[in-house]
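Trainee: If you want the building blocks of each chain, they are given just below.
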Amino acid sequence: MAEKKRLKDLSFWQKIYIPEIINGLGITLSNMFKPSFTMEYPEVKFEPPASYRGRPVLALEENGEERCVACGLCSRVCPALAIEVQAGETDREKERYPEKFEINMLRCIFCGFCEEVCPEEAIIMSKDYELAFTNREDAIYGKEKLFVPVSQLQDRIQFLRERK
Amino acid sequence: MSSFILDGKQIEFKQGQTIIQAAADHGIDIPHFCWHPSLSISGNCRVCLVEVERMPKLVIACSTLAAEGMVVHTNSEKTLAARNAVMEFILINHPLDCPICDEAGECKLQDYAYQHSVGESRFTEEKMHKDKRVELGPHVMFDGERCISCSRCIRFCDEIAGEPQLTFVQRGDRVTIVTYPGKELDNPYSLNVTDICPVGALTNRDFRFKARVWDMSSTKSVCSGCARGCNTDIWVRSNEILRLTPRHNEEVNSYWMCDEGRLNTFKHVNSESRVSGPQIKRDGKLNKSNWDEAYAAAFGELKSYTKDEIAFIGSAASTCEDNYILAKFAKTVIGAKHIDFPRHIKAGDQDNILIREDKTPNALGAELAGIRPAADGLTFHAIMKAVDEGRIKALYVVEEDLVGLNPAYKETLRKLELLIVHASNYNETTELANIIFPAATYAEKNGTWVNFQGRIQRIRPAVTTIEGDRSLDNLAMSRLDKFGTEFDRWGNVKKMDARPVWKIISGLANTQSGKFRYSTSEDVFNELVKSVPDFSGLDYDVIGEKGAALKKFVNTKTV
Numbered sequence: 001m002a003e004k005k006r007l008k009d010l011s012f013w014q015k016i017y018i019p020e021i022i023n024g025l026g027i028t029l030s031n032m033f034k035p036s037f038t039m040e041y042p043e044v045k046f047e048p049p050a051s052y053r054g055r056p057v058l059a060l061e062e063n064g065e066e067r068c069v070a071c072g073l074c075s076r077v078c079p080a081l082a083i084e085v086q087a088g089e090t091d092r093e094k095e096r097y098p099e100k101f102e103i104n105m106l107r108c109i110f111c112g113f114c115e116e117v118c119p120e121e122a123i124i125m126s127k128d129y130e131l132a133f134t135n136r137e138d139a140i141y142g143k144e145k146l147f148v149p150v151s152q153l154q155d156r157i158q159f160l161r162e163r164k
Numbered sequence: 001m002s003s004f005i006l007d008g009k010q011i012e013f014k015q016g017q018t019i020i021q022a023a024a025d026h027g028i029d030i031p032h033f034c035w036h037p038s039l040s041i042s043g044n045c046r047v048c049l050v051e052v053e054r055m056p057k058l059v060i061a062c063s064t065l066a067a068e069g070m071v072v073h074t075n076s077e078k079t080l081a082a083r084n085a086v087m088e089f090i091l092i093n094h095p096l097d098c099p100i101c102d103e104a105g106e107c108k109l110q111d112y113a114y115q116h117s118v119g120e121s122r123f124t125e126e127k128m129h130k131d132k133r134v135e136l137g138p139h140v141m142f143d144g145e146r147c148i149s150c151s152r153c154i155r156f157c158d159e160i161a162g163e164p165q166l167t168f169v170q171r172g173d174r175v176t177i178v179t180y181p182g183k184e185l186d187n188p189y190s191l192n193v194t195d196i197c198p199v200g201a202l203t204n205r206d207f208r209f210k211a212r213v214w215d216m217s218s219t220k221s222v223c224s225g226c227a228r229g230c231n232t233d234i235w236v237r238s239n240e241i242l243r244l245t246p247r248h249n250e251e252v253n254s255y256w257m258c259d260e261g262r263l264n265t266f267k268h269v270n271s272e273s274r275v276s277g278p279q280i281k282r283d284g285k286l287n288k289s290n291w292d293e294a295y296a297a298a299f300g301e302l303k304s305y306t307k308d309e310i311a312f313i314g315s316a317a318s319t320c321e322d323n324y325i326l327a328k329f330a331k332t333v334i335g336a337k338h339i340d341f342p343r344h345i346k347a348g349d350q351d352n353i354l355i356r357e358d359k360t361p362n363a364l365g366a367e368l369a370g371i372r373p374a375a376d377g378l379t380f381h382a383i384m385k386a387v388d389e390g391r392i393k394a395l396y397v398v399e400e401d402l403v404g405l406n407p408a409y410k411e412t413l414r415k416l417e418l419l420i421v422h423a424s425n426y427n428e429t430t431e432l433a434n435i436i437f438p439a440a441t442y443a444e445k446n447g448t449w450v451n452f453q454g455r456i457q458r459i460r461p462a463v464t465t466i467e468g469d470r471s472l473d474n475l476a477m478s479r480l481d482k483f484g485t486e487f488d489r490w491g492n493v494k495k496m497d498a499r500p501v502w503k504i505i506s507g508l509a510n511t512q513s514g515k516f517r518y519s520t521s522e523d524v525f526n527e528l529v530k531s532v533p534d535f536s537g538l539d540y541d542v543i544g545e546k547g548a549a550l551k552k553f554v555n556t557k558t559v
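Same order as they appear, the protein sequences are chains A and B. Note that the first sequence covers residues 1 to 164 in my numbering. Note that the second sequence covers residues 1 to 559 in my numbering.
Next comes chain A alone, as it looks inside the complex (with noise of 0.2 Å):
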């Protein structure tokens, strides 16, 4: 059997290996000049742009009214299940309120359909991405973790509102 040549043999400033190297280190030098892309976490906050979907908050108007009315929509078409809403009455003109809102973190997959759904543009994905919890249960998140001023969400809802 003829013996396999090699399609191309190394020259010997390749077998030697210096050129390369310096060459590396040139590029290294250079970028030492150039911006950088990295940032000190956790000293220094990512800020995502307002396409990100973090984790889905519920907005809460000025005055304080939730803007959520518990129609179930986002329960509904969750993929994942991690919503549970139960209605309850109020004597608002809107009659429904969420008597309960519980997003169980663990099954959230951050898909946006539920802010996608959402009629009352009421459940919007945020910019939080900083999610940790030791247990399961501190991974429901309840109302008072879920109802966010709906000021803080104002980069979001324009977002939506450009791409409706």
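Misleading hints may appear alongside valid ones.
Derived DSS-like pairs (lysine-lysine); straight-line CA-CA distance at most 25 Å [what the hints assert, rightly or not]:
1. A:LYS94 / B:LYS183
2. B:LYS183 / B:LYS132
3. B:LYS303 / B:LYS285
4. B:LYS331 / B:LYS515
5. B:LYS285 / A:LYS143
6. A:LYS100 / B:LYS210
Source of the hints: derived by calculation from the structure; they are not laboratory data. These numbers were taken from a predicted model, which means no experiment stands behind them.
Go by the hints and put chain B onto chain A.
Mentor: Coordinates of chain B only, in the frame set by chain A:
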């Protein structure tokens, strides 16, 4: 038989039938709001407009009599255009509040808006504002804006409930529904209007906002409120019953059920007062025990009395299977002859619509299954008298709250040496019991009831006990039941440690003989059919969803 052509299909009809009725009899649904098979024809919604060849204009299918050789089109271009136009008119003043409305998911208007509407409104003006959240009566809430003025509720009160309480007032787009001055919607059948309301204008105040229909499972069952045995659906979410609705059965209850049955026959199932796990009284205090221990204790205690000192009380609220096993146990294992069940007759509380005086669902069945005294045995009242006089020392009570039935029995029962009770909930009788077996409610077991007409009907488990599993036991499953885990709060449901009577008594009997070998209530029923001629020819499949008349009663007309 005469026939006409509907969308190219030949349809037979009886003389005097309307197009929509003839079509419905053949399983063809012509869109309609105001028409209801059990109510008079009103013809006001106009959604059922159809094209009939050689007729100059479209006609409404609900009030046009079918005629020989008629050619009807329900999907022609003209019909569709008319239906779209009608939908657009109806939607003009209908608020877009489906997210808030409780009817969403089972709303005719919502369904038709998807199926027959163009999806866009040309109406830019302000919609009519009317009264919202009007309490029409103790059980029904009315939302004027959602109402499409089909008048079904008005016709129901006039024609079925026989108490005209509702009427239209105003004209044109201001038309709305009110109760007559000084009256409220409080007839005993008022909640049926929430079922027939095609939109969310009339809602059940007991169920408002409790759950979305798509989160619940529904199980075909029978109401336990009286001897009528109205066919029902039990709606369950997270193993908790949230509402009952009537199920159509022309032989028994048509489309209706009474408010009493709808509201007050399921709450004890979810109640905090449920008995879970067998309880044995030691030193005056009830202690939870395990089943085997309780079986052995109960059997041992019963055996220490002579058969004349023991009496058995069955129940007309238990199933035929339960009562059959109780009678079999009492007669063959113990040899007792004092066996009967108390009647719950509420004299005068009866009408010629549905409600019956007998407030139990299975009085006839209990008797047929063998709950009656032997030739020299005592009847219920005689048993209680004998207990009072000390002649009967041990009493075995199945699913009856005797003290609740008659407070004087409290003193009577105190005289007993042994009281064994099957109870689903703690009550005044269980307070006096030496041993309590937790009983599965009618919503937790399979079985049969015989109503006052002699019609045998199936009940099915809608709620699962601690031994059960929804999927393995073939229970109706909602989406939540299918995918829930113990780590989900909604999946981690409350289950009772309770068993049906036939299972408990079999366990009791088997501590000695091992002869009560049944694995399901169907096994018990098949044996019952073999040993009681009145049930011959029946099995669970024959009874099916709508029940079957016992042979003895086939020709008795009782409506």
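Trainee: Between LYS94 (chain A) and LYS183 (chain B), is the straight-line Cα distance small enough, at 25 Å or below?
Mentor: 28 Å, violated
Trainee: Is the hinted pair LYS100 (chain A) and LYS210 (chain B) satisfied, with a Cα-Cα distance of at most 25 Å?
Mentor: Given pair LYS100 (chain A), LYS210 (chain B) holds - Cα atoms ~12 Å apart, limit 25 Å.
Trainee: Would you check the hint for LYS183 (chain B) and LYS132 (chain B), treating anything up to 25 Å between C-alpha atoms as holding?
Mentor: Roughly 19 Å separates the two Cα atoms, so the pair holds.
Trainee: Would the pair LYS303 (chain B) and LYS285 (chain B) pass a check requiring their Cα atoms to be no farther apart than 25 Å?
Mentor: 23 Å, holds
Trainee: Under the criterion that the straight-line Cα-Cα distance not exceed 25 Å, is the pair LYS285 (chain B), LYS143 (chain A) satisfied?
Mentor: Roughly 43 Å separates the two Cα atoms, so the pair is violated.
Trainee: Given the hinted pair LYS331 (chain B) and LYS515 (chain B), is their Cα-Cα distance within 25 Å?
Mentor: 14 Å, holds
Checked against the numbered hints listed earlier, the structure breaks hints 1 and 5; every other hint is satisfied.
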